[in-house]
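Produce the entire structure from the sequences given, and follow the hints as far as they go.
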Amino acid sequence: MTEGYNFAYLDEQTKRMIRRALLKAVAIPGHQVPFGSREMPLPYGWGTGGIQVTASILGTNDVLKVIDQGADDTTNAVSIRRFFARTADVATTTHTADATVIQTRHRIPEKTLRDNQIIVYQVPQPEPLYRLESSRVETRRMHGLADYGLMHVKLYEDVARFGQISISYDYPVLVNQRYLMSPSPIPAFDNPKMDRMPALQLFGAGREKRIYAIPPWTAVRSLDFDDHPFRAINASEPCGLCGATDSYLDEVVIDDRGGRLFVCSDTDHCAERRAAGHIGKDGFAEAAE
Amino acid sequence: MIGLTAGFADPVQDAQRCFRSVLDAMSRPGRIATVAGVAPPAPLCVASAAVLLTLIDHETTFWLDPAAGAANAWIAFHCGAPSADMPRDAAFAFSLGLADLTRFNAGNHEGPETSATIVVQLPSLTGGAPLRLSGPGLKDSATIAPLGLPADFPAIWRRNRGLFPAGIDLILCAGNTLAALPRTVQVEEA
Numbered sequence: 004m005t006e007g008y009n010f011a012y013l014d015e016q017t018k019r020m021i022r023r024a025l026l027k028a029v030a031i032p033g034h035q036v037p038f039g040s041r042e043m044p045l046p047y048g049w050g051t052g053g054i055q056v057t058a059s060i061l062g063t064n065d066v067l068k069v070i071d072q073g074a075d076d077t078t079n080a081v082s083i084r085r086f087f088a089r090t091a092d093v094a095t096t097t098h099t100a101d102a103t104v105i106q107t108r109h110r111i112p113e114k115t116l117r118d119n120q121i122i123v124y125q126v127p128q129p130e131p132l133y134r135l136e137s138s139r140v141e142t143r144r145m146h147g148l149a150d151y152g153l154m155h156v157k158l159y160e161d162v163a164r165f166g167q168i169s170i171s172y173d174y175p176v177l178v179n180q181r182y183l184m185s186p187s188p189i190p191a192f193d194n195p196k197m198d199r200m201p202a203l204q205l206f207g208a209g210r211e212k213r214i215y216a217i218p219p220w221t222a223v224r225s226l227d228f229d230d231h232p233f234r235a236i237n238a239s240e241p242c243g244l245c246g247a248t249d250s251y252l253d254e255v256v257i258d259d260r261g262g263r264l265f266v267c268s269d270t271d272h273c274a275e276r277r278a279a280g281h282i283g284k285d286g287f288a289e290a291a292e
Numbered sequence: 012m013i014g015l016t017a018g019f020a021d022p023v024q025d026a027q028r029c030f031r032s033v034l035d036a037m038s039r040p041g042r043i044a045t046v047a048g049v050a051p052p053a054p055l056c057v058a059s060a061a062v063l064l065t066l067i068d069h070e071t072t073f074w075l076d077p078a079a080g081a082a083n084a085w086i087a088f089h090c091g092a093p094s095a096d097m098p099r100d101a102a103f104a105f106s107l108g109l110a111d112l113t114r115f116n117a118g119n120h121e122g123p124e125t126s127a128t129i130v131v132q133l134p135s136l137t138g139g140a141p142l143r144l145s146g147p148g149l150k151d152s153a154t155i156a157p158l159g160l161p162a163d164f165p166a167i168w169r170r171n172r173g174l175f176p177a178g179i180d181l182i183l184c185a186g187n188t189l190a191a192l193p194r195t196v197q198v199e200e201a
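Heads up: the sequence lines are chains B and L, in that order. Under the numbering used here, the first residue of the first sequence carries the number 4, and numbering increases by one thereafter. Under the numbering used here, the first residue of the second sequence carries the number 12, and numbering increases by one thereafter.
Derived from the structure by calculation, the hints contain no laboratory data. Where hints are given, some of them may not hold.
Chain L regions said to be covered by chain B (calculated; three or more residues, Cβ under 8 angstroms) [said to hold, decoys possible]:
no., segment
1, 19 to 31
2, 36 to 46
3, 138 to 150
4, 191 to 197
Ideal Cβ placement from N, Cα and C applies to all residues, glycine included.
Right, here's the structure in full:
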């Protein structure tokens, strides 16, 4: 472990402050609790909120997985994973099933999370009404009164203008039939996974200094209309590498002649399927390990 | 200060373990967790002492049940929390048995997180009248039978729950065990 830092980087007083905010967040599902966000050794926008939440819950027995858009091997994921390996000497993994704490940027793993796991979301903008009402005083009042008409008007205008609700990520949800909440910029495809999830879901927004949470088994409903029900959008093709038809896919440009490849965004899910012998149309058999 | 016992043996790791127990209990009402790592001063039990060490400090106003006044020096020394003259001024409180919840700050609709968290010390978390819990954190329902809560606790709790999103959150402690009742949980006689 790196000398000269407290366990998991943050000092104990900061952890206590964040822990108190987390407990209140769990007690009021979907409500944004203000907290004293600290300056972290990486810029805002790189997951400082998620990192502070993770640092406050992490213990020596935890196994940490970090994903960025579903991938374990992107810069943000690698650097955050290494940060905690160095400052907390914590075990890390890329396997969803082996992790006790999963910090994520903009995805929920395909594998169903368990009761004894915690998922920590990095949140750039915690206020779901931000684009409709820029005043925090006003949005706080709206949340206090559960006055979410403005969001329903926005969805209605989408239907009137485009014939459908045109939100493909950061799709607003209602938590426990009370609080309107931003699910962070996860694809709408992932929204149904939040509903009655067995794992505890924690959200940290560092720049905006807000923490919120969804306890396990809590109802999370994507806003919609009876005649325009919520639909999760995904690519129409199966994964090119593993052939999965039930996972969220990234579109990758593979040449300069218009070639396209659709692959699982969740790298662990894709690798596990390929290891189990599933091969997509652009894939190849894995070499025996 | 003569006779003051120590706080956590390992302040960083013990506080982390205790917090995860409290987080687990708050996320899953009725689940009983165990804590360790501290020799508590009378009349505090291990769990009460550990929870206070884990959650309160100079930033949290704290109200101590006068009946537990013997622990005042220990809490002041280890936590340094400014004491609240009146229960309604406290962010955290400790009471032997259930205190009158209406005397505490329940927060308001725009700032429900400003409400008090009360650490309620009971003789035992088992062996009392069974209560059925349901709500966020529970797949279906759970049963808990804490000993020492008033007989009309379900009615008291209904009033607290009626304040949602405002409301008081409770951490029940007995011996080395703890459980939590967040404001969202429904409590009925089982």
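task = Please flag the earlier hints that this structure goes against, numbers listed from lowest up.
result = none
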